[in-house]
Each structure stands twice: as C-alpha cells, then as structure tokens.
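Top line first, the protein sequences correspond to chains Y and S. This note's numbering numbers the first residue of the first sequence as 1 and each following residue consecutively. This note's numbering numbers the first residue of the second sequence as 812 and each following residue consecutively.
No wet-lab data here; the hints were simulated from the structure. Here the structure is a predicted model, which is why all the values come from computation and not from measurement. The beta carbon of each residue, even a glycine, is placed where N, CA and C say it ideally should be. Check the hints yourself; a few may be wrong.
Listed below are several chain S residues computed to face chain Y (Cβ distance under 7 angstroms; list not exhaustive) [said to hold, decoys possible]:
| hint | residue |
| --- | --- |
| 1 | R830 |
| 2 | L832 |
| 3 | P892 |
| 4 | G895 |
| 5 | V902 |
Stretches of chain S that chain Y covers, calculated by requiring three or more beta carbons in the stretch to come under 8 angstroms of a beta carbon on chain Y [stated by the list, open to error]:
| hint | region |
| --- | --- |
| 6 | 863–871 |
| 7 | 884–890 |
If you want the ones that stay clear, here's a sample from chain S, every Cβ over 10 angstroms from chain Y, calculated [to be verified]:
| hint | residue |
| --- | --- |
| 8 | K833 |
| 9 | D838 |
| 10 | S846 |
| 11 | V849 |
| 12 | R853 |
| 13 | P857 |
| 14 | G860 |
| 15 | T874 |
| 16 | C896 |
| 17 | V904 |
| 18 | G907 |
| 19 | V908 |
Here is how the chains run, residue by residue.
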Amino acid sequence: MREKLVLIGNGMAGVRTLEEVLKLDPEMYDITVFGEEPYGNYNRIMLSPVLAGEKSIEDIILNEKQWYADNGITLHVNKQVTQIDRYHRKVVADDGTEAHYDRLIIATGSSPFILPIPGADLDGVVGFRDVDDVDQMLETAKQYNKAVVIGAGLLGLEAADGLLKQGMDVTVVHLLDTLMEQQLDSTAGAMLKASLEARGMKFLMRHQTEALLGEGRVQGIRFANGQTVPTDLVVMAVGIRPNISLAQTAGIYCERGIVVSDTLTTYDPRIFAVGECVQHRGATYGLVAPLFEQAKVCANHLCQLGYGRYEGSVVSTKLKVSGIDLFSAGEFIETDGDETLVMQDPAEGIYKKLVIRNNRVKGAVMYGDTLDGSWYFQLLREETDISSFRSTILFGQHSVGDAGHSGGSKMVNLADDAEVCGCNGICKGDIVKAIQDKGLFTLDEVKAHTKAGASCGSCSGLVEQILVSTVGSDFDATPSKKAMCGCTDFSHDEVMEAIRKGALKDMATLFRYLNWSTPDGCASCRPALNYYLLSSWPEEYEDDAQSRLINERVHGNIQKDGTYSVVPRMFGGLCTANDLRAIADVSDKYDVPQMKVTGGQRIDLFGVKKEQLPAMWKDLNDAGFISGHAYSKGLRTVKTCAGETWCRFGTQNSIDLGVKLEHFTWGSWMPHKFKIAVSGCPRNCAEATIKDFGVVCIDSGYELHVGGNGGIKVRVTDLLCKVTTEEEVEEYCGAFTQFYREDAHYLERTANWIERVGMKRIKEHVVDNETGRKALNERFKVSQSVAQIDPWKERADGAESHEFNPLKIAG
Amino acid sequence: MSDWIAIAKLDDIPLRGSRQLKTDTVDIAIFRTGSDEVFAIRDQCPHLGGPLSQGMVHGNTVTCPLHNWKIDLESGQVKAPDEGCVNRYPVKVEQGVVYLGPLESHDA
Ligand SMILES: Cc1cc2nc3c(=O)[nH]c(=O)nc-3n(C[C@H](O)[C@H](O)[C@H](O)COP(=O)(O)OP(=O)(O)OC[C@H]3O[C@@H](n4cnc5c(N)ncnc54)[C@H](O)[C@@H]3O)c2cc1C
Ligand code: HEM
Ligand code: SF4
Ligand code: SF4
Ligand code: FES
Numbered sequence: 001m002r003e004k005l006v007l008i009g010n011g012m013a014g015v016r017t018l019e020e021v022l023k024l025d026p027e028m029y030d031i032t033v034f035g036e037e038p039y040g041n042y043n044r045i046m047l048s049p050v051l052a053g054e055k056s057i058e059d060i061i062l063n064e065k066q067w068y069a070d071n072g073i074t075l076h077v078n079k080q081v082t083q084i085d086r087y088h089r090k091v092v093a094d095d096g097t098e099a100h101y102d103r104l105i106i107a108t109g110s111s112p113f114i115l116p117i118p119g120a121d122l123d124g125v126v127g128f129r130d131v132d133d134v135d136q137m138l139e140t141a142k143q144y145n146k147a148v149v150i151g152a153g154l155l156g157l158e159a160a161d162g163l164l165k166q167g168m169d170v171t172v173v174h175l176l177d178t179l180m181e182q183q184l185d186s187t188a189g190a191m192l193k194a195s196l197e198a199r200g201m202k203f204l205m206r207h208q209t210e211a212l213l214g215e216g217r218v219q220g221i222r223f224a225n226g227q228t229v230p231t232d233l234v235v236m237a238v239g240i241r242p243n244i245s246l247a248q249t250a251g252i253y254c255e256r257g258i259v260v261s262d263t264l265t266t267y268d269p270r271i272f273a274v275g276e277c278v279q280h281r282g283a284t285y286g287l288v289a290p291l292f293e294q295a296k297v298c299a300n301h302l303c304q305l306g307y308g309r310y311e312g313s314v315v316s317t318k319l320k321v322s323g324i325d326l327f328s329a330g331e332f333i334e335t336d337g338d339e340t341l342v343m344q345d346p347a348e349g350i351y352k353k354l355v356i357r358n359n360r361v362k363g364a365v366m367y368g369d370t371l372d373g374s375w376y377f378q379l380l381r382e383e384t385d386i387s388s389f390r391s392t393i394l395f396g397q398h399s400v401g402d403a404g405h406s407g408g409s410k411m412v413n414l415a416d417d418a419e420v421c422g423c424n425g426i427c428k429g430d431i432v433k434a435i436q437d438k439g440l441f442t443l444d445e446v447k448a449h450t451k452a453g454a455s456c457g458s459c460s461g462l463v464e465q466i467l468v469s470t471v472g473s474d475f476d477a478t479p480s481k482k483a484m485c486g487c488t489d490f491s492h493d494e495v496m497e498a499i500r501k502g503a504l505k506d507m508a509t510l511f512r513y514l515n516w517s518t519p520d521g522c523a524s525c526r527p528a529l530n531y532y533l534l535s536s537w538p539e540e541y542e543d544d545a546q547s548r549l550i551n552e553r554v555h556g557n558i559q560k561d562g563t564y565s566v567v568p569r570m571f572g573g574l575c576t577a578n579d580l581r582a583i584a585d586v587s588d589k590y591d592v593p594q595m596k597v598t599g600g601q602r603i604d605l606f607g608v609k610k611e612q613l614p615a616m617w618k619d620l621n622d623a624g625f626i627s628g629h630a631y632s633k634g635l636r637t638v639k640t641c642a643g644e645t646w647c648r649f650g651t652q653n654s655i656d657l658g659v660k661l662e663h664f665t666w667g668s669w670m671p672h673k674f675k676i677a678v679s680g681c682p683r684n685c686a687e688a689t690i691k692d693f694g695v696v697c698i699d700s701g702y703e704l705h706v707g708g709n710g711g712i713k714v715r716v717t718d719l720l721c722k723v724t725t726e727e728e729v730e731e732y733c734g735a736f737t738q739f740y741r742e743d744a745h746y747l748e749r750t751a752n753w754i755e756r757v758g759m760k761r762i763k764e765h766v767v768d769n770e771t772g773r774k775a776l777n778e779r780f781k782v783s784q785s786v787a788q789i790d791p792w793k794e795r796a797d798g799a800e801s802h803e804f805n806p807l808k809i810a811g
Numbered sequence: 812m813s814d815w816i817a818i819a820k821l822d823d824i825p826l827r828g829s830r831q832l833k834t835d836t837v838d839i840a841i842f843r844t845g846s847d848e849v850f851a852i853r854d855q856c857p858h859l860g861g862p863l864s865q866g867m868v869h870g871n872t873v874t875c876p877l878h879n880w881k882i883d884l885e886s887g888q889v890k891a892p893d894e895g896c897v898n899r900y901p902v903k904v905e906q907g908v909v910y911l912g913p914l915e916s917h918d919a
C-alpha cells in the first residue's frame, strides 16, 4: 500500500513541493491537500496585476482542480486545518474532516501584520494577501474614492499602484523617509518616489499611524503628530507574519517561523515544512524563488533520495509596477572598506549602483534600466572576480562584448513575431506561448523548452524580461553554488576536489562515493567526469570512449548531414609542396566534396563518410600527417605570422617558435578547445591577442598574453608577463596550460575561467611562484608523455573499428 | 521476412555504446546499456535527423549528438521538454548473440 502524504496549505510552496514529488516518483504517495481558500493553487504574486486590472483571476490560476484529479490527489478546499494530532498521525479540519498521514508537509504561508491600533477591526481595513482582499479592494474602488496604504514596501507600493489604476485617490503612509528601504538606497528611493508622484500617488513620509477613525466603516486615519486624513479604505502593508500557530499548538518547535533543518524537516521527523511559514538557519523568506528551492529539496527527501540540501538563498527583488524598472539584490548599502560604483543619468532617469568588496559584487541597486540585473545577480552569486571588466561593468554585459540587448520594459511592447534569440530563431510569441502553455517559471525552464537563450546566452536578458512580464517575476533558483547537472547536487569544484582528495580513479567508484542519482550519469556530466579523472590521474585512469562525445570518439567533426570533416595537422601552418600533393591525392581518391583553408592555417576536407575515415587517415599518416584534433577539447592550432625570417618588421622567429609550441602542446586534453598564436611583432598579424595563449614578439623578447577569445563574445587577452628567451616561453606555456587543465571547469574556455577566478590568481601560480611554475610545467610534460599518441594512427591500425563499420543485413 | 535474424555478437557492441545497422530500407541503431539490455530504434533523430547511434548512452536513454534531444530507448519517446518519438524494432539476446525481429510486424 502507498504511504499517505498530507499537505496543509494549498499555496505556492506546498503545491510546488507536490509537483517535485510527482516528478521524482509519481507512484510513491497517496496525496491529500487541505486549503483554506476556495481555489486551486494560484500565482499569488500576480494579485498585484489583478488589482491593477491587467489580469483576471483565471489568468493566474496555476493548478486547476482538474490537475489534482489527474494526479490522483484528494483536494479539500475551503477547509482550515485546526489540529495536527501527532500521536495518531492525523490532521483535523474545521468541518471535522480528518486525514491520516505517514508524512506531513506544513506550508501555511504567512498573514499580513495588522497594526494593533484602535479601529483596526473596522470595515474597510484590509491586508493584501489573497483573492478575498483583492475582491474587497476592487469593490471599494467602485463605490468610494479615497484610499490610504500604510507601508511603502514592495507590497504597499504595488497595492497603491493598483488602487490608483482603479481610479482612487491614494495616499501612502510610511514610518521612515525612504521608500522600500529593505531594497533601495536613498537615491533610488527618491527617484522611485518622484516617478510615483508624477503618476498622482501621494506620500506622507515619517508618519506614524496612531488610530483608525470611524464607526462601522473606516472614515479617517490619525497620526502621532495629531494630523488626520479622511479615507474610505485602509490597506495594511507593514509586513507579514509566518502562520505558525497550528504547528505551535501541535508542539512543533517554532521561533519566528517553524524551525527546519537543511532537509526541510521540522523537529518531528515525519513532518516537513516549506514556504513563508518556515525559519531556516535563522532566516525567513518572503519571495518565491527561495521557496521553490526549498520545495525541490523537500521533495528529494520525501522521495527518500536523501542527498538534497537547502543551504539558504540570496534573493533579488523587482517591483511589478508597470513602466517602472527597479532591481535590487544583496548588500546594497556599503559598509566600511567597500567600494561603490555608481552611474546616474537624471535626464534618462537611470541609476545603477554596485557595492564591491575585494573585486566581487556584493550588492546591486538599479533604477530605470534593469536589463543587466540578472547578470549582476549572477556575478554576485558566483562571486566572480570582476577586475578585468570593472571599468565597463556599469555599462552592462553587452559592453563586455555581446549583442542582443535592448531596453527594459520595452519588451512588453515588442511584437509577437519579433526575433528574440538569434541563435535558434525564437520569437517573442513562441516564448510567451511556451510560458503560458507549459506553466514555466524559471529562466532555465524557458531555455529548456524553447531553446531561447540556451546557445550563446546573450539574449538571456530579453528572455528574462518576457518571463517577468508574463508571470510577474523571474523565479530563478538562487543557490549560491551551481550543481554540475541534474544527476547530482555537487558543483564542479566539489567534484574535482573529491576526485583528487578522495583518490577516486574510476567512474563507478565516483558515482558510488558521491551518490550520483543516475546509474551512469548523463550526456552532460559523463564527458566532464571523464575529463576530470583523466587530467587528475593521467597515468592511471583509462579513458572511457563511451563518455566522450561523438566528435572525440571518431576524431572528426560531425557535420549537420552526419558526415565528418578531416583536418590534418600542419605545425605552425607550415607545409611543403609534397604535403599539398598528398592532401590533393587523398582528396581525389576519396571524392572529397569540398576543401577549405581554415582560419587556423590548415586545410579542412569536408563531407567524408564515417566508413571512409580510417582508410583516409592511413593514407594521410603514410604521407607524414597526424590528426589536427580539429574536433577536440584540447589544442587546436598554433597560428603564426611571417616573422623575422621574411617580414621587414619581424623581431623574432615567430614561425619557428610556433612550430615548437605546437610540437610541445598537441594531443593534450583540456577543459575546452585551446588556440595558440605567435606574432613576430606588435602589428600582430597572427591575432595573438584573441587566443587562449598568445605570444607577441618584441625587440627585447616576448610578451605572453592569455585568455583571449574570438567567438560570440570577443575577449582580448590579459598580459601575463614578458620573458626574454624561447625556453621561458615554453615553460610559461606549459605551466599556464597545465594550470588551466587542473583548475578550470569542463567546457570553460580560458576566457571564462579567467573572468571567474581572476588574473591575480593566474599570476600567483604561473608568474610569481617559480617553483610552482616549474612543477606545473613538469606535470604538463608527464601528462603529454602519455597523451601524444596520434589517434589516426591507432585507428588506421584497427583500434575501435566498431565505430567505423556498420553492421549489415539485407532486409 | 518473418524470422529473427542474428545481427551481431553482444560483445561487438560496446557497453554503454551502440552500433549502426544498415539495411536496404532503413538504418537502425542497436544500443547496449550499462545494465546489458539491448534496444533497437531507427537511427534517425525526430528533431533534425541526427544519427542516434552516435549519441551517448546513459541509463535507458540516448542523447542525440547534434542538439542533445534525449530519447527513451524502451518506449522510443523523446523526453520532455522536447517532443516526438522514434520507431522501435524488436531485438533479443540469446547466448551472447543479438537477434533482430521481423521488421514489418512492428510499428515501423
Ligand atoms: C500581492 C503580493 C505580491 C507579491 N509579489 C511577489 C513578487 O513579485 N515576487 C516574489 O517572489 N514574491 C512575491 N510575493 C510573495 C509570494 O507570493 C509568497 O512568498 C508566496 O506566495 C509564499 O508561498 P507559501 O506557499 O509559503 O504561502 P501561500 O502562497 O500564502 O500559501 C499558503 C496557503 O496556505 C493556506 N493556509 C494557511 N493556513 C492553513 C490551514 N491551517 N489550513 C489550510 N490552509 C491553510 C493559505 O490560505 C494559503 O492559501 C507577493 C505576495 C503578495 C501577497
Ligand atoms: C562558440 C563558438 C564556436 C563554435 C561553436 C565553433 C565551432 C567550430 C567548428 C565546428 C569548427 C570545425 C569546422 C570543421 O572543420 O568541421 C571550427 C573550426 C574553427 N574555428 Fe570555430 N567555433 C567557435 C568559435 C570560434 C572562434 C571564436 C574562432 C576564432 C577566433 C574560431 C575559429 C575557428 C578556426 C580558425 C577553425 C579552424 C580550426 C582548425 O583549423 O582546426 N572559432 N569552429
Ligand atoms: S606580426 Fe609583425 S612580424 Fe608578423 S607578419 Fe605582421 S608585421 Fe610581420
Ligand atoms: S562560425 Fe563556426 S560554428 Fe558558426 S557556422 Fe561557421 S564553423 Fe559553424
Ligand atoms: S537532430 Fe537530434 S537533437 Fe537535433
């Protein structure tokens, strides 16, 4: 028989937990839900647009009653649970309905705090929490004219904006002199106030409410300074209180909220709690993103997987008042020792402030232009070192070299057929439809379903704007670390450390040791793990071909028609007449449909069928060629210029040095592709300053540059150092490459890696510490001693022949 | 064609790997999972026709090498968030030999 799971509170956090449980194991529980409200679960945060008349209740329902039926869930609406009987493991509702549980989830949310002042119980005094409250406000707006909102926080201002749009004369009362002081500094607060005033909202700042006046129905409000203001409606938006009385009565330990551990369990191990009613590591949350994070972890434990942990969340806030763009996250008020970067354009109504500590973003406030909010938030969460782009960071992500941004709430006005994601050709309408039809909430979900923003990512800002205007907020999950993939909760760094410290040397042990949730990983973690094992234990770990993507398995680039391309290595781009003849002969013999000189100074033979590859490789091998690894996560090419040998500007022998470097580095596996170039003088014809490792020759020696990248986001290299001899160039090249191999995440280009960890760290390891540098270079050489095997030769000699020969039957 | 035909030894297919089987009419991808189960589906991704035999096998799923759609080998269904399905073919393993079942009797 299935175990019984009961949920108290049919709201956003509780139902999300059920959805996660159903995803993990739909067969596990018989589920019963109690909800005090008459509806299925609805999107509470969209009550603001409902009040403003921009959406209807039907628009914001997330789970129709049919959904509960379809999933075999018993739903009791309009029933308040009044007792949890832990001894008999049952809950009792106000109408006497009972339900037994094996596991119980408490997700009772919170209630508006009603100031304990005379008159608080008069008609016409409401909170702003549920559909009932909104209905009352809408009714009042039809018959009366004047409204007062107490509290100028997020909720209060959204309520005031809604009532204003319903034609009421609205005054907002606040105890302090800054609006939304929890989210804004005084500058942004003042800008917000000015623009709300321009819409007709009135403010009484530094006013303390003393009493509500009237008989039966509220008629006025009196302040501590004696002033009175007439009104027909009072909305209390001074804060929320977690609903804990039910849990408290049942003897479950509570402080401000119901106290839970990192597994979302209360002090009673059969009882879980999620949502606003919960207190975790001393914090309570009033936004949806952290609650969804909790829901996921809670479901993980309900389904007895046992590895999820909730470690708290960093939150960001946006105000949902149409036409006003406002964003805030983290510690946005600087403390001693912090630096602030500020950009202010009063004419355009733009204000951006970042609080920086040790070159890391700690907090952000933005007003007027919030497009880069998600980018700053990401930098904040990932603690990215910003030193290399600090001077332009305030201009936004596009100034760091990407395209596709345009203005903030302008997104709302964009036509449905406007293209948003250039990579995948996705229009705004497609995205909106997917969000609505599939009930998507997070940027990641939208990317997964529509592929928008899933390729180069430069349109993420736009996609997020669409998400915000469609569902009211971006609910982006906010863990401070990112799990490697869906198979685990461990991050790349944690896995790398476990492999090295725990001496994990094969994949089966690793899966067991780190509790992988899938039997053999997925297409995203397997190649990464294979790489980490290979780079950590080069002499012991045996490469797993089935954990490599097809390009690396068959040593060619799969093209869109399923054929492959063949690129022989030409060291430093040098070739002889015999080389070219040999390539021409192979091209004739195998009927190669097209040849092209690549940007990496070698020749690409396109359109080769898989079965032809080994024979073709053999012929090229016989002519002295080895694989160019044009498919690999590893060294691609070393590009060189004419240099001193021929060029009148040349200062050193760039061709020769390039050839040496290519002989030194070919064949190594790396986190991602790696390109080198050597230019003979600062005119830089080999484009060394957009390569992973670039050498620019100068009269006195060599400048070494690292971390450059062409591609979607062009990034110019950072200068590593200057050296005087070719031997030093080689040593630094080996050391830098090895540090990248050991330190970067799989699929992270040098450019992204350097932006994440900072140039300072690279210099500490590769330049400042001579012993460390030599050790790195030695480790690179050890790894090269087993890596420099030409894959073409191995396969031409018969290795892995099953990859190239199909089975055949007549049929 | 109504009989089971031997197409390969089990050991000819790498563990967590696959082989492509060419017939006169269609190309079929034969998979061997980590738990030694064998499946056969059409070697053509329902997205843009990518060769599934060249994807990565994990659990009872193969990920297409071109754009990472995930296909359940048992049901032939594409996994959410993407949508679609692939033809399945009957296969069995007896004494280390893989047999392909009669093609036309199945949902080809
Ligand atoms: C107007 C408004 C705007 C908001 N805007 C945003 C925003 O822009 N961004 C954001 O992230 N967050 C926003 N929030 C906050 C967000 O809505 C809440 O954080 C979230 O809904 C909390 O989820 P929950 O499941 O904990 O509580 P709820 O969604 O409140 O669910 C709790 C449910 O439990 C029921 N219940 C309580 N006790 C019992 C009982 N004893 N028996 C049966 N049922 C019971 C309640 O009736 C309620 O339906 C907003 C909130 C409001 C009110
Ligand atoms: C997101 C980014 C990129 C992707 C997906 C990508 C993809 C590819 C692919 C598939 C090939 C191989 C073509 C073939 O032979 O079959 C290739 C080759 C090449 N790419 Fe890119 N590329 C990217 C970025 C760049 C950048 C930024 C540059 C230059 C600054 C670049 C320069 C080259 C060169 C020079 C070659 C030929 C390499 C060789 O000779 O081996 N690519 N790229
Ligand atoms: S980089 Fe300098 S040395 Fe090299 S080809 Fe250009 S001008 Fe000549
Ligand atoms: S730029 Fe690169 S990825 Fe784009 S089509 Fe050309 S080769 Fe392919
Ligand atoms: S062809 Fe298979 S995912 Fe695109």
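The hints, checked one at a time:
For S/R830, the suggested interface contact is upheld, since its CB lies about 5 angstroms from the closest CB of chain Y, less than 7 angstroms. Because the closest C-beta pair between S/L832 and chain Y is about 4 angstroms apart, less than 7 angstroms, the hint holds. Annotation: interface hint on S/P892 holds; nearest CB of chain Y at approximately 4 angstroms, less than 7 angstroms. Hint on S/G895 is violated. Least Cβ distance to chain Y is approximately 14 angstroms, over the 7 angstroms limit.
Hint on S/V902 is violated. Least Cβ distance to chain Y is approximately 12 angstroms, over the 7 angstroms limit. Proximity of the region 863–871 of chain S to chain Y, defined as three or more residues with a beta carbon under 8 angstroms from a beta carbon of that chain, is established by the 6 residues found. With 0 residues having a Cβ less than 8 angstroms from any Cβ of chain Y, the region 884–890 of chain S misses the three-residue criterion, and the hint is violated. Listed as a non-interface residue, S/K833 fails to keep its Cβ farther than 10 angstroms from every Cβ of chain Y; the least gap is roughly 5 angstroms.
Once the 10 angstroms rule is applied to beta carbons, S/D838 is inconsistent with being away from chain Y; the minimum gap is 8 angstroms. With a least CB separation of 7 angstroms from chain Y, S/S846 falls inside the 10 angstroms interface cut-off, contrary to its annotation. Even its closest Cβ contact with chain Y, about 13 angstroms, leaves S/V849 beyond 10 angstroms, as expected for a residue assigned away from the interface. No Cβ of chain Y approaches the Cβ of S/R853 within 10 angstroms, the least distance being about 14 angstroms, so the stated non-interface status holds.
For S/P857, the requirement that its beta carbon stay farther than 10 angstroms from each beta carbon of chain Y is met, with the minimum near 15 angstroms. Residue placement check: S/G860 does not keep its beta carbon more than 10 angstroms from all beta carbons of chain Y (closest about 8 angstroms). The claim that S/T874 is not at the interface with chain Y is violated, since a C-beta of that chain comes within 10 angstroms of its own (minimum 4 angstroms). No Cβ of chain Y approaches the Cβ of S/C896 within 10 angstroms, the least distance being about 18 angstroms, so the stated non-interface status holds.
For S/V904, the condition that its CB be more than 10 angstroms from all CB atoms of chain Y holds, with the nearest at approximately 14 angstroms. No Cβ of chain Y comes within 10 angstroms of the Cβ of S/G907; the nearest lies about 15 angstroms off, and the non-interface call holds. At roughly 12 angstroms, the least C-beta separation between S/V908 and chain Y is larger than 10 angstroms, which holds for a residue marked as non-interface.
Figure legend: structure checked against the earlier numbered hints; hints not met, in rising order: 4, 5, 7, 8, 9, 10, 14, 15.
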